[in-house]
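There are 2 protein chains.
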Amino acid sequence: MTMRISVILAPDVAAEDELTGRSCVVIDVLRATTSMIAALDAGATAIYPVAEAEDAWALRAQLGDSLLLGGERGGLKINGFDLGNSPREYTSEAVGNTMLAMTTTNGTAAMLAAARAGASPIFIASLRNAPATARRLLREGRDAVLYCAGTNGRVSLDDIIAAGAIASVCEESRSRATLTDTGKLALAAYRLASRDVAAALTATIHGRRLVEIGFEGDIRYAAAVGASQTVAQFDGLMVRVAGHLLR
Amino acid sequence: MTMRISVILAPDVAAEDELTGRSCVVIDVLRATTSMIAALDAGATAIYPVAEAEDAWALRAQLGDSLLLGGERGGLKINGFDLGNSPREYTSEAVGNTMLAMTTTNGTAAMLAAARAGASPIFIASLRNAPATARRLLREGRDAVLYCAGTNGRVSLDDIIAAGAIASVCEESRSRATLTDTGKLALAAYRLASRDVAAALTATIHGRRLVEIGFEGDIRYAAAVGASQTVAQFDGLMVRVAGHLLR
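Which chain is which? The protein sequence lines are A and B, in order. Residues in the first sequence are numbered from 151 upward in steps of one, following our numbering. Residues in the second sequence are numbered from 151 upward in steps of one, following our numbering.
Derived by calculation from the structure, the hints in this document are not laboratory data. Fair warning: this is a prediction, and the values are worked out from it, not measured in the lab. Any given hint might turn out to be false.
What the hints assert, rightly or not - Which chain B residues face chain A? A few, computed with CB under 7 Å, are given here: (1) Ala164; (2) Arg304; (3) Val305; (4) Asp331; (5) Lys334; (6) Leu335; (7) Ala338; (8) Ala339; (9) Leu342; (10) Thr354; (11) Ile355.
Claimed, not checked - Derived contacts from chain A toward chain B, CB cut-off under 10 Å, selection only: (12) Val157; (13) Thr301; (14) Lys334; (15) Leu335; (16) Arg341; (17) Ala348; (18) Ala350.
For every residue, glycine included, the Cβ atom is placed at its ideal position computed from N, Cα and C.
Turn these sequences into a full structure, and let the hints steer you where they fit.
Structure follows, in structure tokens:
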């Protein structure tokens with residue numbers, strides 16, 4: 151039996167397959183999962199995704215000042231936090247060999263929701279590590295649900311393009327994953343965007359908002375499909391590197 | 151200001167734009183809206199979409215035996231009804247110069263939901279009259295929400311392909327409609343499907359189910375993009391021809 155790839159297009163939008171007991175990939179391209187992959191690539195050892203800023207402060211009270219706090223509300227750094235949600239802040243100088251707590255409007259909420267729904271394992275993907283994540287899914291060979299974090303509960307095309315990038319690698323593999331209707335829809339979005347991914351991201355609702363508040367560079371960074379070989383796994387508590395997959 | 155085209159990907163999935171006060175196009179390609187357009191093209195004068203079979207019977211008690219009853223549950227004709235939900239049943243011999251009451255699992259529910267949400271005007275579209283409907287939207291020049299009926303509350307790719315066919319005509323027009331993220335997603339689905347629309351419909355979840363229960367011919371019928379020039383409008387009570395648009 152081939153593996154099935156379905157997509158949750160936004161929170162509260164049912165995919166064809168339940169999350170319970172299936173592999174899940176949480177995607178928030180602009181920008182939570184892109185920043186998390188940047189942090190891991192820069193040497194952060196673990197990231198705790200938390201729902202609210204106060205949860206991040208509580209974790210710091212527990213784990214001490216070496217825990218860095220990152221995230222955004224309204225796209226901007228939270229007051230008193232060490233880092234915002236721009237992936238380009240997550241350099242090895244800033245986060246190398248540290249632990250982080252992060253809270254964002256859409257991405258961390260989606261990760262926590264996937265864990266509550268019983269998905270296992272849960273991976274975290276951006277466009278940068280989409281091919282590496284797809285190859286990990288293929289190696290595991292189990293049905294997978296790609297969970298798009300969306301923007302404030304609505305469909306966000308940037309996330310669906312990244313889901314399509316994963317679906318594309320899975321479909322082209324020799325194991326021939328089966329795409330459900332939502333999987334095909336994501337694949338179509340990626341194919342249309344793939345000639346110029348940065349332009350496609352910039353034209354999304356979320357992309358235009360980021361340009362308005364001065365984060366155009368983040369979009370170019372987020373658009374680099376395959377730039378990272380990191381596979382990142384969320385165990386329900388923290389996100390850590392689960393492997394670096396080369397072709 | 152250009153008109154915006156957004157898409158409700160399935161019931162309960164928010165589009166970027168509210169329905170209230172906007173033009174709306176309800177789409178259920180397999181097969182409710184395809185059958186309704188077939189009925190109007192065959193000379194039916196009005197179609198009452200109703201939620202339940204008992205509503206159809208109540209309407210017949212009120213309007214008399216000349217009212218024909220059509221629709222499906224589980225894809226099959228409802229016991230005692232005159233017609234099922236196969237568009238090829240809606241010939242001029244069967245429905246010419248008659249009034250119909252119809253109830254289907256997804257399509258009629260979506261039409262009634264659009265009316266309750268305050269959309270106005272509400273059009274009914276299939277792939278067959280997608281270009282004619284798009285030209286009507288362009289002529290009106292108002293923001294429009296394309297409402298995909300889905301299948302049992304879930305995303306149904308066949309409906310999104312038809313939404314994309316409408317978005318495609320709108321985007322290519324001189325008035326240059328703006329597509330939201332969901333509009334672009336539907337356009338991508340249509341572009342990927344457009345080389346062989348019948349094959350794309352057959353490969354959807356809903357298409358495969360129809361093949362299983364013997365309605366493969368309905369899929370070929372539904373896939374004929376542009377075969378009908380009928381614009382069909384739902385006034386909250388009944389669906390009637392609102393014009394035949396030629397290029």
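Hint-by-hint comparison with the structure:
1. Annotation: B/Ala164 was flagged as interfacial toward chain A, and the flag holds, the nearest CB pair being 5 Å apart, inside 7 Å.
2. Hint status for B/Arg304 relative to chain A: holds, with the closest Cβ pair at about 5 Å, below 7 Å.
3. Restraint check, B/Val305 versus chain A: the minimum CB separation of about 5 Å is within 7 Å; hint holds.
4. The restraint placing B/Asp331 at the interface with chain A holds, with a minimum CB-CB distance near 4 Å, inside the 7 Å limit.
5. At its closest, the beta carbon of B/Lys334 sits 6 Å from a beta carbon of chain A; the interface hint therefore holds under the 7 Å criterion.
6. Given hint, B/Leu335 at the interface with chain A, holds; its Cβ is 5 Å from that chain's nearest Cβ, closer than 7 Å.
7. A cut of 7 Å between beta carbons decides the hint on B/Ala338: the least distance to chain A is about 4 Å, and the hint holds.
8. With 7 Å as the threshold, the beta carbon of B/Ala339 comes within range of chain A, its nearest partner Cβ sitting at about 5 Å, so the hint holds.
9. Checking B/Leu342 against chain A by beta carbon gives a least distance of about 4 Å; that is within 7 Å, so the hint holds.
10. Checking B/Thr354 against chain A by beta carbon gives a least distance of about 5 Å; that is within 7 Å, so the hint holds.
11. Taken as an interface hint, B/Ile355 checks out: its beta carbon lies about 5 Å from the nearest beta carbon of chain A, inside 7 Å.
12. Contact between A/Val157 and chain B, as hinted, is supported at the beta carbon level, the nearest pair being about 9 Å apart and thus within 10 Å.
13. Interface restraint check for A/Thr301: the shortest CB-CB distance to chain B comes to about 9 Å, inside 10 Å, so the restraint holds.
14. A cut of 10 Å between beta carbons decides the hint on A/Lys334: the least distance to chain B is about 6 Å, and the hint holds.
15. Residue-level restraint check for A/Leu335 holds (minimum Cβ-Cβ distance to chain B is 5 Å; threshold 10 Å).
16. For the restraint placing A/Arg341 at the interface with chain B, the shortest Cβ-Cβ distance is roughly 6 Å, inside the 10 Å limit, so the hint holds.
17. With a least beta-carbon distance of about 15 Å to chain B, the hint placing A/Ala348 at the interface is violated under the 10 Å criterion.
18. Using the Cβ-Cβ criterion of 10 Å, the hint placing A/Ala350 at the interface with chain B is satisfied: the shortest such distance is roughly 8 Å.
Hint compliance for this structure: hint 17 alone is broken.
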